[in-house]
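Number of protein chains: 2
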Amino acid sequence: MTFFDIDKNDYKISAVLSSILTSDDLYKIVSTSFLPFLENCKIIDLLIRKGFVKVDNNRILLTSKGYELAKELRVAGLVDNYCKNCSGKGYVVDRYKEYLKRFEEITQGRPEAIQDYDQGYVTPITNFLRISFAESRGDIKNKKILIMGDDDLLSIALAVTNLPLEIQVFEIDERLVSFIKEKSRKYSLNINVTRFDLREKMPASLDSYFDLFFSDPPETIDAFKSFIGKGIFALKKTGGAGYFGITLIDASLNKWKDLQRIMLNDFGVVITDMIHDFNEYVNWEYHDTTPAYESAIVKAKPSHIWYKSTIYRIQTLNSKGFNEKLDTDILQDEENATSWFFLLIFNKSISLRGKKWKLHW
Amino acid sequence: MTFFDIDKNDYKISAVLSSILTSDDLYKIVSTSFLPFLENCKIIDLLIRKGFVKVDNNRILLTSKGYELAKELRVAGLVDNYCKNCSGKGYVVDRYKEYLKRFEEITQGRPEAIQDYDQGYVTPITNFLRISFAESRGDIKNKKILIMGDDDLLSIALAVTNLPLEIQVFEIDERLVSFIKEKSRKYSLNINVTRFDLREKMPASLDSYFDLFFSDPPETIDAFKSFIGKGIFALKKTGGAGYFGITLIDASLNKWKDLQRIMLNDFGVVITDMIHDFNEYVNWEYHDTTPAYESAIVKAKPSHIWYKSTIYRIQTLNSKGFNEKLDTDILQDEENATSWFFLLIFNKSISLRGKKWKLHW
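Top to bottom, those sequences are chains A and B.
By the count of the numbering used here, the first sequence reaches residue 368 at its end, each step adding exactly one.
By the count of the numbering used here, the second sequence reaches residue 368 at its end, each step adding exactly one.
It is possible that part of the hints are untrue.
The list treats identical chains as interchangeable, and a pair is accepted whether it falls inside one copy or across any two copies.
With a straight-line cut-off of 35 Å between C-alpha atoms, the simulated DSBU-like cross-links for lysine-lysine are [claimed, not checked]:
1) Lys78 <-> Lys108
2) Lys61 <-> Lys35
3) Lys308 <-> Lys208
4) Lys188 <-> Lys35
5) Lys264 <-> Lys151
6) Lys91 <-> Lys188
Since the hints were made in silico from the structure, they are not lab data.
The model shown is predicted, which means the values in this text are computed figures rather than measured ones.
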C-alpha cells in the first residue's frame, strides 16, 4: 500500500479533511472542498484505505486517526458565516417576485435536462438573481443581450421583466429552441431564438453588436473558448459585460487558472466580480439511474441542491474575444480523462453531472 | 469647444451618466461608476461644459439635454438590489460580536490615518467581515498569518478571536508598530510586529512560511508587486491563500487588468473570489483641509462612507510571487499623472485619499 502513501504536503488532502470536518455528506463535501468531484472521490477513497476516514450509513466520517491527521496538518472546518437572508450571494430578488411567478407559469412543462449537451439548469430564483446582480450594474435595461445556451430559460426570465431592448438566444437543442419560440409567440415575449452550434463561427455581423451576454458553458477549455470567447467577440469592444458560471466541481483550480489566463491574455477582458456559489442547479432527474448511486463511497442520492457555480462578471476593454470553428468534442477534456485513470485504479464508479462513468479494474 | 466634444462611444461617458441617474451625490457617483475619482471629475466637468449636467447646491444633476443623451446612449440607472442584511457582502459578523466589542475597547486612541503612507483604515466591522469570510474557507484557525501594512489593526482583530496559530505584521509606520506592540504586550495578544519597508526584499527565511496573508496595498503597479508579490513569496507554494482590497476609485479597470495579468502570469496564483464593495473605509480626518473641499464641482464633505474596495481572494498553485527590492516611489504612478494633466487643463483642484492636489491653469 506504500504506493499510495499520503503526501502530507498535498493541499488536496487538507482541503478534503477540512470539508469532512464540516459535513459528513458527500455532496456537501464536494461542494465545499474546491476540488472536482472525481478528485474528491479519489482522495476520500485513499483516506478510507489508509484508515483516516470511514463510511457509516452513507455518512463520511473521520476516524480517530483522521482527527489526528487533521490536527497535525492544522486543518480547520469551514464556518458558516454566510448571510442567511441572501445565502451569501449579496443580492436579493425582492424586486422581481411577480416576474418570478410569471416565469414559473410560462415555463411549466419545460424540457428536462439531458446529458447529450451537458445540461443541468438553474433554479428560477437563480435566473432572477442574475438579473438582480446585472441590473445593479445598469446592465439590463435597454440593453441588447445575447444568451449562449439557454436550458436555464433565462431569456424568458429577462423577457417577462420587459427591461431589455433585445434578447437573442443561441441554442443547440431543438427541444429548447422550439419551447422558447413557442412561449415567445404565445406570450409576445419578443425573444429571438436561433438554433446554433457554438463550435461554429459566429456570423461576422454580430461582431461588437451586443451590450451584454450570459452563458453557462460546459467546463472544458475548448467549450470555454467556444462560448465565452465568442460572447466577447459579439460584445461591443469596450464597456460590454459578460456573466457566466464556472464550478469547482467539474473544473479544478488549475483549470480556473488557465481560463483566467485565457480571459486576460487572449480575450483581453478584465474580471470585475466573482461571487461564490451564486448559481444553484436543480438536481437532474436522471441522477438515480447513474453509477453515482452505485458508488462504493456512498449510496445516497443528494438530499439538497449541491451543484453550484461561481458567477464571473467580465467587462470588455479593447477586447477581442475568439471566433474560430472548433471540431473537437468540447464536452470532454484531458482533466476528466486523468480523473478516470484514478477511478480505474480504485475500481470505483461515479457520475458527474449525469455522465455514466462506470469503470472496472 | 470642439476640442472637447463628447465621444458618444466612450463607455466612460455612459458610466458617469448611469451613476448620475442613480445619485446626485459626488461621492456616491464616484463609488458606483467603476471609474477613478479623477476620471469622474474630468467627465463630470466635460458634461457640465457641454450642458448635459448642472450643479445645484452641491447636487450633481442631469439637464434635460443630459436626460436625452442618457436615453440616446441607452444608459440605465443602477438598481439597488443589494441584500440589506449584509449590505451585499454575503457574509455576516454575528459570530464575532463579542470580539468586535473587545477590539473597539483595545483600539481606543489608535493612530489616525496620515497621508505619508497613503493610509486610510477600514471600519472595525470590515475587519471582522474579512475574518468571517476567511473563516468560512477554513483560512484562519490554526493558521500562520502575515499582514502587510496594518493601519486597519486587523492583527488585533485576529488576535482577540484567539484562532490563528501565529500573526506576523510588517508595518512601516513607527506609530502603528508601537501601538500594536504595546497593545499586544498589555493584552497578551501574541502578535509579532516588525517595522519593515515593503520596498525591501523579504527575508529568505520567510519563503513559503505562511498559510495566509492579508494586505491593503497602495494602488500602483509597483506597490502591488511589493505587497502582494511578496505576500505570495511568503505563502506556501500551493494551497496558501491571500486576501487584499483594490478600489476602482484609485485604480482604473485598465489597471485592474494589468494587476490581474501580473497575478496570473507572473505570480502564478488563481483568483477564487472578488466581492464588490466589501471593504469600507472610515472617512479620513484630514479630508476637509484638502482641495476637494474647494473643488469647483462640489463643496460638500462626504456625508457617509463612500470609499470602498473589492476584496480579492487568491490561492497559490505552484506560485512564485515576487521578491525584489524596488527603489521607486510606490505611492504614485503614471495613471495619477495622466489625471493630473486633465485637471490642469480644467483648472480644477481635487483631493484623492487625502493627497493635496491643487493645480492652476
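Evaluation of the provided hints:
no.: 1; hint: Lys78 <-> Lys108; in the structure: between (49 Å within a copy, 30 Å between copies)
no.: 2; hint: Lys61 <-> Lys35; in the structure: within (16 Å within a copy, 54 Å between copies)
no.: 3; hint: Lys308 <-> Lys208; in the structure: neither (40 Å within a copy, 53 Å between copies)
no.: 4; hint: Lys188 <-> Lys35; in the structure: neither (37 Å within a copy, 42 Å between copies)
no.: 5; hint: Lys264 <-> Lys151; in the structure: both (30 Å within a copy, 25 Å between copies)
no.: 6; hint: Lys91 <-> Lys188; in the structure: neither (37 Å within a copy, 37 Å between copies)
Checked against the numbered hints above, the structure violates hints 3, 4 and 6; every other hint is satisfied.
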